[in-house]
Amino acid sequence: MINEFILALPLLLIAIGSILVLMLDAATRNKQIVYYTSILVLLGLGISAGYTLQFDVAIIAQADKTISANTIFYGGMSAVFDIIFAMGGLLTLFASREYLQRNYKEINECYSLVLLAVVGMVVIAHSNSLIMLFLGVELMSIVFYILTGFFRNREHALEAALKYFILGSFASGFLLYGIALIYGSTGSLILSDISQQIASGNYNSIYLSIGLGLMTVGLCFKVAAFPFHQWAPDVYYGSPTAISGFLCTSGKAAALVALVVVAKNVLSVETSNVNYLLESTTARNILAGISACTMIIGNLSALAQKNVKRMLAYSSVAHAGYILMGIVACSTEGFYAVAFYCAVYLFMQVGAFAIVGFIEFRDEGNMLISDYADLRTTHPALAAAMACFMLSLAGIPPFGGFFGKYFLFVAAIKSGYLWLTLIAVVASIISMYFYIGLILTMYFKNNENPINVGKMQGTKLTVALSIIGVILLGIMPNVFYGLFNFTF
Amino acid sequence: MYDLVKFVPLLPLLGFLFLGLLGNKIKNEKIIGSIGCGTVGIAFVLLFSMFWNFIQAPPESAVIVPIYNWITIDDFNIQIAYQVDQLSLLFGMIITGVGFLIHVYSIGYMHGDRSFFRFFSYLNLFIFMMLNLVLANNFLVTFLGWEGVGLCSYLLIGFWYDKKFQGTRLTWTGDAANKAFITNRVGDYGFLIGMFLVFITFGTLEYTSVNQAASNAYMSYYGSGIMTAITIMFFLGCTGKSAQLPLAIWLPDAMAGPTSVSALIHAATMVTSGIFLIARNSVLFALAPDTMTVVLVVGIITAFTAASVGLVQNDLKKVLAYSTVSQLGFMFAALGAGAFTAGVFHVMTHAFFKGLLFLAAGAIIHGMHDEQNIKKMGGLKSYMPKTYFTFLIATFAISGIPFFSGFFSKDEILWSVYANNGILPWAILAISALFTAFYMFRLLYLVFFGKERFNCEHGKPHEAPATMTIPLIILAFLSAFGGFLGIPDVLGSWASESPNLIHNYLSPIFADANRVLHSHAGHSSHSSILELGLMLVSVLLAVFGIYKAKQYYSDPAWTSPRKLVRNYNGIYRMLLSKYKLDEFYFAVVVDTLLNFSKNFLWKIFDVKGIDGVVNGTAKGTLAFADVARKIQSGIVQNYALLMTAGIVAILCIYIFI
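If you're matching them up, the sequences are chains Z and R in order.
Per the working numbering, residue 86 is the first one in the first sequence, and the count goes up by one each step.
Per the working numbering, residue 6 is the first one in the second sequence, and the count goes up by one each step.
Derived lysine to any residue pairs resembling SDA-like cross-links, with alpha carbons at most 20 Å apart:
#1 LYS35/R x LEU22/R
#2 LYS30/R x ALA466/Z
#3 LYS530/Z x LEU156/R
#4 LYS530/Z x TRP177/R
#5 LYS540/Z x GLN186/Z
#6 LYS553/R x SER565/R
#7 LYS168/R x SER455/Z
#8 LYS530/Z x ASP118/R
#9 LYS499/Z x LEU202/R
#10 LYS530/Z x ASP180/R
#11 LYS168/R x ASP118/R
#12 LYS169/R x ARG119/R
#13 LYS499/Z x THR206/R
Anything over 10 Å on all C-beta distances counts as not near chain Z; from chain R, calculated:
#14 LEU19
#15 LYS32
#16 GLU34
#17 THR233
#18 LEU316
#19 ARG458
#20 PHE486
#21 GLN556
#22 LYS585
Keep in mind the hints are simulated off the structure, nothing from the lab.
Only a predicted model underlies this, so the values are computations on that prediction, with no experimental measurement involved.
A virtual CB, placed ideally from N, CA and C, is assigned to each residue, including glycine.
All chains should be modelled from the sequences, with the hints used to inform the complete structure.
Here's what the structure looks like:
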């Protein structure tokens, strides 16, 4: 029998660690200590999550969970996502330090806020109760509102934060109402109980449908899926660039893992109840429609952008659409594909945003695509890295983005959503235009004075780690898939 | 022995890494050049020694040489492994052999270029990718190479990225590179979907197992929807990479790259990968008669269209580019008619003579100081005798003059199209062959004969250096005699039982496909008199084309062509503007998408006020004011409105469906 404290180690470490960093910040003026402690905490999260991965899911299922009253899910998929979130936090910290210094905004709150957001994400990934899920989503979202308005003297940062806050509260309301209806329908908040109730037919089907619909709305807002995506470009654009990468990768992954948790327990219950099958198929079809619209609209909007950061912001909407395919598939394979894509997407998008932040001149200069012309001559390594990220985002082998798409497409086809795959393929072709366009600008366009910015060690670390991640996931996807030696 | 195949792609890869990382430290062009050529040359020697072993004692089945396990997930297992068999050896030798000659040529051609090392590192990378494409034992590794060659093609087309380039809505070489890449992507996704469907149908991606499974159960697969879907998707991929209609538009613009690139990638090797893919999966295609018809029709239409456009172009490389598109059309027509060997044979001879034509064109452009307009050339024969001589041999070969290499391969295509599909497809191809002879000899007369129409402000034209002429001579030799590997039975039956060496060599590869084809179509026999007669007709047509070209263009005033242009101005303009295909694509696809995105999604869906901020500091305070105003005018409500509409829609679906 495993002690529950050992299983809860990742959660405890990150929760206590983030508060510790917050207190350290108040106690000392030494920024270095706070920065390095934050890194240590995130490393601790990653390592402890890796440690819990070794336990077999069946053994964990038998473990005594009285302390958490069975509201927390341990090991398996949640541990994999812990590692993804820890990685996301680390990459963000590395990239943000010098970025903030250059913009004269190095305030330690940034680090503790990132840690707190990670706490929210970890809670979502570990939730076995709808209330835990809601708490995690809210904790993360509230931190995100603050991070978005971090440059508080920039008006569009404030505008973005305000918009995000207002619309986010709107969406949280729906999420909570959906949770309430599901509770009303099945009489439980514990997800494993809910699926048992559904399997035995003890539930109110109308409440369940509406509850599912409202939860879909709330979570799709957090994922930034159509038609709830409009806040995303503003927010990703208004946030500090190093943070934007965090919002649209880790934040998105957290919202997606929430969807995975719900889909796994509520949408894919094994039962012969015809009514239920009909309902879950409807829910999946709605998600499929949302996914299709999201990728098309996201890519088409990105097509017109002249600003790199905005282009990446819109493309991030499109990627949410791709990842939703894994949830539409609603199979183990689909959920694996979601986790895989989240990991790859983390590396490529954070890497790309880190480069944008690196190149960004104070007060948001150097952000147009045309500013990147001939980057090859001044920063050959950065240009090559950016090219790799763009190729990976476009889904070209041997980069990780290719396998990410491959697994998602295969999962969707196997679940009978060939039409969705075809739409995804068309959307990917459209996206080639702007991804390759940026490479074209960096490599083949002449520029009298190509931009030249100084050295930034931390950012380079982020970029280097991201490159390694993108390539490793592309040439050895097994390494990551080896983590999935569990059945949830 | 066959384990050596591991080193074949490895060498160019090492060359690429070495030159790419350390090339700018080595200033010496000779060292860079010899490394670049050496890796490809050794790869050729390795392949040739394997080939030699192979024909001495052919193994029972293809030899699979595993490298490493790429992915293993439950039942999904992808190995990186190479497959050594007749087809991959033949293609590998074409790629490394012709590639080696073109590498050597490039030492002279790129002499003095500021990015000499970059050029050779890209070329090496290309060879690596191309070898992966043809040596792969499964679809995914081929796809890797398929994407990789696309990337190299992109890098090399845009190699002189600061050079102006004239094309429809293209102003510099980078645009041409972009166009090639994006057009290719459309085809690549066809490949990708085809691959998914193969995996779902057969549960594996390995060529040997897929072909085995398909041919074992051919009765149930023949003509089935899934086979048609798979093959059509793959063929879409082929139309992209091998520049067939409707995706042919990128190849003529790809001529923006250095000429040796045009020779290597856009004539001899990469563009034939579509042929390779179909030949590799001949069983799948044989099982889908509808797709075969599509392949045939597309091939014939492309051959004819491109040849007709080639008649009137004035840019030396453009003529050759359209000629390539047209010749690729011939190859696809052969595949569509079920004559897989003929298609592959034409790949080989075409690699010789088209590679030669491009290299000679490069020598001409080099000697003429970057002039490409054939109307500004003339009389070059006396200045560049070696180039002239080799160009002449290649022209004979492509025109199908008897006993030059092109004659054998083209004639085999024409005959098999006639034998399987009747007189009409044959006639269209024969007319295309007539056009080919005409435009090639038009080129020859305008460039090498007649009065000198260039001015000598840059100095007189001069012969190319030895590093350039030696590859020309070797290729000329191959263009002249390479065809004897495939003597048709009707001509060689007096000498031996089966004189067609290439046929004998490739027959195990296509045995399954031919079995499927014959079991359904029956083997119709035609008399050898008829075959000889048709051969004679096609030779006469070629001679007629040559005669007309001589008649038109040996006259210094070009009286008759000018009269033709006046009398048939409409047709002339249509051909000159390439049937307006580029304009069509821009108007229908590119502009529509961009406008939709710009005017609708961005300006209406998004806030106009953000636009000001996008421009950042430039608009400064004004933008802030604008944003502030916009916040108060209530944009958030708009967002919330759309959200509410979405919520209502979703709930309605839940409740009412």
